[in-house]
Amino acid sequence: MDKYFKVTTRTIVATGLGAAIFMLLFMYVKVPSPVPETSFQTAYGVSAFFGTLFGPIAGGLIAFIGHALSDAVQYGSPWWSWVIASGVAGFIFGFAYKNTGVEEGEFKKKDIIKFNTIQIIGNLIAWLVVAPVLDIVIYAEPINLVFTQGAIAALMNSISAGVIGTFFLIAYASTRTKKGSISKN
Amino acid sequence: MRNNLFSYNLVDTPIHRLSGLTKLIAFLFLTFAVMFSYDIRVILAVMAFSFWVLRVSQIKFSQIRLMVIYVIIFLATNAIITYLFSPEEGVAIYGTRHEIFHIAGRYSLTQEQLLYQTTKFLKYSSVIPLGIIFLLTTNPSEFASALNRVGVNYKAAYAVSLTLRYFPDIQREYVDISLAQQARGLEMSKKAKLRDRFKNALLIIIPLIFSTLDRIEDISNAMDLRGFGKHKKRTWYNSKSLKKADFLAILISALIFTATVMVSVFINKSRFYNPFI
Numbered sequence: 738m739d740k741y742f743k744v745t746t747r748t749i750v751a752t753g754l755g756a757a758i759f760m761l762l763f764m765y766v767k768v769p770s771p772v773p774e775t776s777f778q779t780a781y782g783v784s785a786f787f788g789t790l791f792g793p794i795a796g797g798l799i800a801f802i803g804h805a806l807s808d809a810v811q812y813g814s815p816w817w818s819w820v821i822a823s824g825v826a827g828f829i830f831g832f833a834y835k836n837t838g839v840e841e842g843e844f845k846k847k848d849i850i851k852f853n854t855i856q857i858i859g860n861l862i863a864w865l866v867v868a869p870v871l872d873i874v875i876y877a878e879p880i881n882l883v884f885t886q887g888a889i890a891a892l893m894n895s896i897s898a899g900v901i902g903t904f905f906l907i908a909y910a911s912t913r914t915k916k917g918s919i920s921k922n
Numbered sequence: 005m006r007n008n009l010f011s012y013n014l015v016d017t018p019i020h021r022l023s024g025l026t027k028l029i030a031f032l033f034l035t036f037a038v039m040f041s042y043d044i045r046v047i048l049a050v051m052a053f054s055f056w057v058l059r060v061s062q063i064k065f066s067q068i069r070l071m072v073i074y075v076i077i078f079l080a081t082n083a084i085i086t087y088l089f090s091p092e093e094g095v096a097i098y099g100t101r102h103e104i105f106h107i108a109g110r111y112s113l114t115q116e117q118l119l120y121q122t123t124k125f126l127k128y129s130s131v132i133p134l135g136i137i138f139l140l141t142t143n144p145s146e147f148a149s150a151l152n153r154v155g156v157n158y159k160a161a162y163a164v165s166l167t168l169r170y171f172p173d174i175q176r177e178y179v180d181i182s183l184a185q186q187a188r189g190l191e192m193s194k195k196a197k198l199r200d201r202f203k204n205a206l207l208i209i210i211p212l213i214f215s216t217l218d219r220i221e222d223i224s225n226a227m228d229l230r231g232f233g234k235h236k237k238r239t240w241y242n243s244k245s246l247k248k249a250d251f252l253a254i255l256i257s258a259l260i261f262t263a264t265v266m267v268s269v270f271i272n273k274s275r276f277y278n279p280f281i
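Chains as they are written, first to last, in our numbering: chain V, 738 to 922; chain D, 5 to 281.
Hints listed in this document are in silico derivations from the structure and should not be mistaken for laboratory results. Hints are not guaranteed to be accurate.
[Unchecked claim] Facing chain D, from chain V, some residues (calculated, C-beta under 10 angstroms):
id: 1; residue: F742
id: 2; residue: N853
id: 3; residue: T885
[Stated by the list, open to error] Straight-line alpha carbon distances no greater than 30 angstroms define the calculated DSSO-like cross-link-like pairs of lysine-lysine that follow:
id: 4; chain 1: V; residue 1: K740; chain 2: D; residue 2: K244
id: 5; chain 1: V; residue 1: K847; chain 2: V; residue 2: K915
id: 6; chain 1: D; residue 1: K203; chain 2: V; residue 2: K915
id: 7; chain 1: D; residue 1: K159; chain 2: D; residue 2: K237
id: 8; chain 1: V; residue 1: K743; chain 2: D; residue 2: K197
id: 9; chain 1: V; residue 1: K767; chain 2: V; residue 2: K851
id: 10; chain 1: D; residue 1: K203; chain 2: V; residue 2: K767
id: 11; chain 1: D; residue 1: K236; chain 2: V; residue 2: K743
id: 12; chain 1: D; residue 1: K236; chain 2: V; residue 2: K767
id: 13; chain 1: D; residue 1: K203; chain 2: V; residue 2: K835
id: 14; chain 1: V; residue 1: K921; chain 2: V; residue 2: K845
id: 15; chain 1: V; residue 1: K743; chain 2: D; residue 2: K159
id: 16; chain 1: V; residue 1: K740; chain 2: V; residue 2: K845
id: 17; chain 1: V; residue 1: K835; chain 2: V; residue 2: K847
id: 18; chain 1: D; residue 1: K64; chain 2: D; residue 2: K247
id: 19; chain 1: D; residue 1: K247; chain 2: D; residue 2: K159
id: 20; chain 1: V; residue 1: K851; chain 2: V; residue 2: K915
id: 21; chain 1: V; residue 1: K740; chain 2: D; residue 2: K237
id: 22; chain 1: V; residue 1: K767; chain 2: D; residue 2: K237
Computed from a predicted model, the values in this text were never measured in an experiment. For every residue, glycine included, the Cβ atom is placed at its ideal position computed from N, Cα and C.
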């Protein structure tokens with residue numbers, strides 16, 4: 738378990754800069770969906786990518802800080818239930834850390850399946866459990882409304898993290914030196 | 005893309021003179037009070053108070069115009085879909101039904117629904133001035149020290165300050181990459197199909213992410229060389245000591261929070277104010 742929660746200076750810096758990218762994409766690079774108050778957020782692809790490279794602490798904080806700050810800048814105040822849910826999703830994405838061969842330049846079928854399973858579990862827990870429950874507890878929103886929004890968010894964020902996250906990880910893996918790429922004569 | 009996102013400007017008002025720690029604590033107390041309560045009287049009181057503070061801190065409407073537009077759109081859609089999804093939510097909450105008139109099918113206008121939605125509308129809109137005040141009167145570099153002093157681990161607080169420090173850089177880089185790619189013929193305007201535009205947006209994010217990964221190495225090496233994270237605590241260059249006015253502000257916001265909880269516990273006996281029984 739220790740390997741997931743080790744915090745180094747690099748983790749902190751990655752969190753800070755990752756959150757800045759998350760915030761930028763969250764505000765400007767999104768596709769509105771037909772259902773009100775939800776949109777296709779490319780930012781979750783970034784939090785899944787950073788979570789896989791830097792672990793659950795970085796993944797969770799990136800989504801939490803990025804979402805909270807972009808809400809604050811756009812609306813004046815964060816919508817806490819969804820900010821917390823974003824943090825939970827990012828945290829769970831982080832369990833792909835060191836479970837794939839991406840640092841060794843290998844991101845093949847097996848790794849892709851592993852990454853996407855973790856990512857989908859994270860999104861389901863965050864958007865079908867955490868977000869709607871907190872919406873009801875904190876804001877007393879109608880039950881059927883929050884679960885509908887949650888289901889749509891789960892679907893779209895899984896696609897975002899799946900497509901964009903996988904795409905970034907493959908690109909990143911191809912820049913890494915492969916294990917055993919140098920052989921002794 | 006707006007460039008001055010955190011339009012923090014230094015004006016000498018009582019609110020600006022408060023320390024960041026005070027403002028963070030007051031912000032948390034007041035927003036939690038409004039988030040907790042569903043009593044329209046309490047919410048109106050907090051709202052009046054926050055508009056008064058907004059005046060005192062001399063924030064101009066031109067500074068917050070865009071935010072206000074976003075918020076109004078958000079609140080309007082929220083009100084409409086709440087009604088579409090759950091036209092009888094108010095009836096379920098207050099336990100009575102006073103119909104004003106029938107619209108169609110399962111939709112009719114009841115006094116309960118009207119009260120529930122008005123309360124909700126005011127509840128959400130009263131949080132906004134609080135957030136705006138906090139954002140526009142707090143020096144961003146003081147924010148991290150304030151977070152640390154309310155008990156957030158300093159490494160996490162430092163991550164927030166890094167985000168605020170590097171957001172403008174990353175934004176500038178995004179614009180640069182985007183213009184460079186467009187000069188090479190990447191279509192980003194409305195003329196391209198939605199799918200292509202989306203794919204092209206990704207082609208801009210990729211270089212942004214790789215240059216950021218390089219930058220992460222540089223910054224963390226520099227911080228390691230200066231001994232970041234060696235000790236359990238750290239001090240902050242930008243942190244003000246608390247003065248009399250700070251304690252007064254914390255006291256007032258704590259009182260408002262306690263009063264809100266008391267009203268719910270002793271007068272309403274629930275989070276909702278129910279005038280129907």
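Open item on the list: Please verify whether K740(V) and K845(V) have alpha carbons no more than 30 angstroms apart.
Closed with: holds (23 angstroms)
- [ ] Mind checking the CB of T885(V) against every CB in chain D and telling me if the closest is under 10 angstroms?
- [x] For T885(V), the interface hint holds, since the closest Cβ of chain D sits about 7 angstroms away, which is under 10 angstroms.
Task: Straight-line alpha-carbon gap K847(V) to K915(V), limit 30 angstroms - done: Given that 30 angstroms is the threshold and the Cα spacing comes to 17 angstroms, the pair holds.
TODO: Could you grab the alpha-carbon distance between K835(V) and K847(V) and see if it respects the 30 angstroms cut-off?
DONE: holds (14 angstroms)
TODO: With a cut-off of 30 angstroms on the C-alpha distance, tell me whether K743(V) and K159(D) pass.
DONE: This hinted pair holds, its Cα atoms lying about 13 angstroms apart.
Task: Supplied contact hint for N853(V), tested at 10 angstroms Cβ to chain D - done: violated (18 angstroms)
TODO: Answer holds if the nearest beta-carbon of chain D is closer than 10 angstroms to that of F742(V); otherwise answer violated.
DONE: This hint is violated: F742(V) lies away from chain D, its Cβ roughly 12 angstroms from the closest one there, beyond 10 angstroms.
Open item on the list: Given the hinted pair K64(D) and K247(D), is their Cα-Cα distance within 30 angstroms?
Closed with: holds (27 angstroms)
Open item on the list: Can you confirm whether the C-alpha distance between K236(D) and K743(V) stays at or below 30 angstroms?
Closed with: Answer holds: K236(D) to K743(V) is near 15 angstroms, not above 30 angstroms.
TODO: For the pair we were handed, K203(D) and K835(V), check the Cα-Cα distance against 30 angstroms.
DONE: holds (28 angstroms)
Task: Distance restraint between K203(D) and K915(V), which requires alpha-carbon spacing of 30 angstroms or less - done: holds (28 angstroms)
Open item on the list: What's the verdict on K203(D) and K767(V), does the C-alpha distance respect the 30 angstroms limit or exceed it?
Closed with: Roughly 12 angstroms between the alpha carbons, so the hint for K203(D) and K767(V) holds.
Hints 1, 2, 4, 8, 12 and 22 from the earlier list are contradicted by this structure; the remaining hints agree with it.
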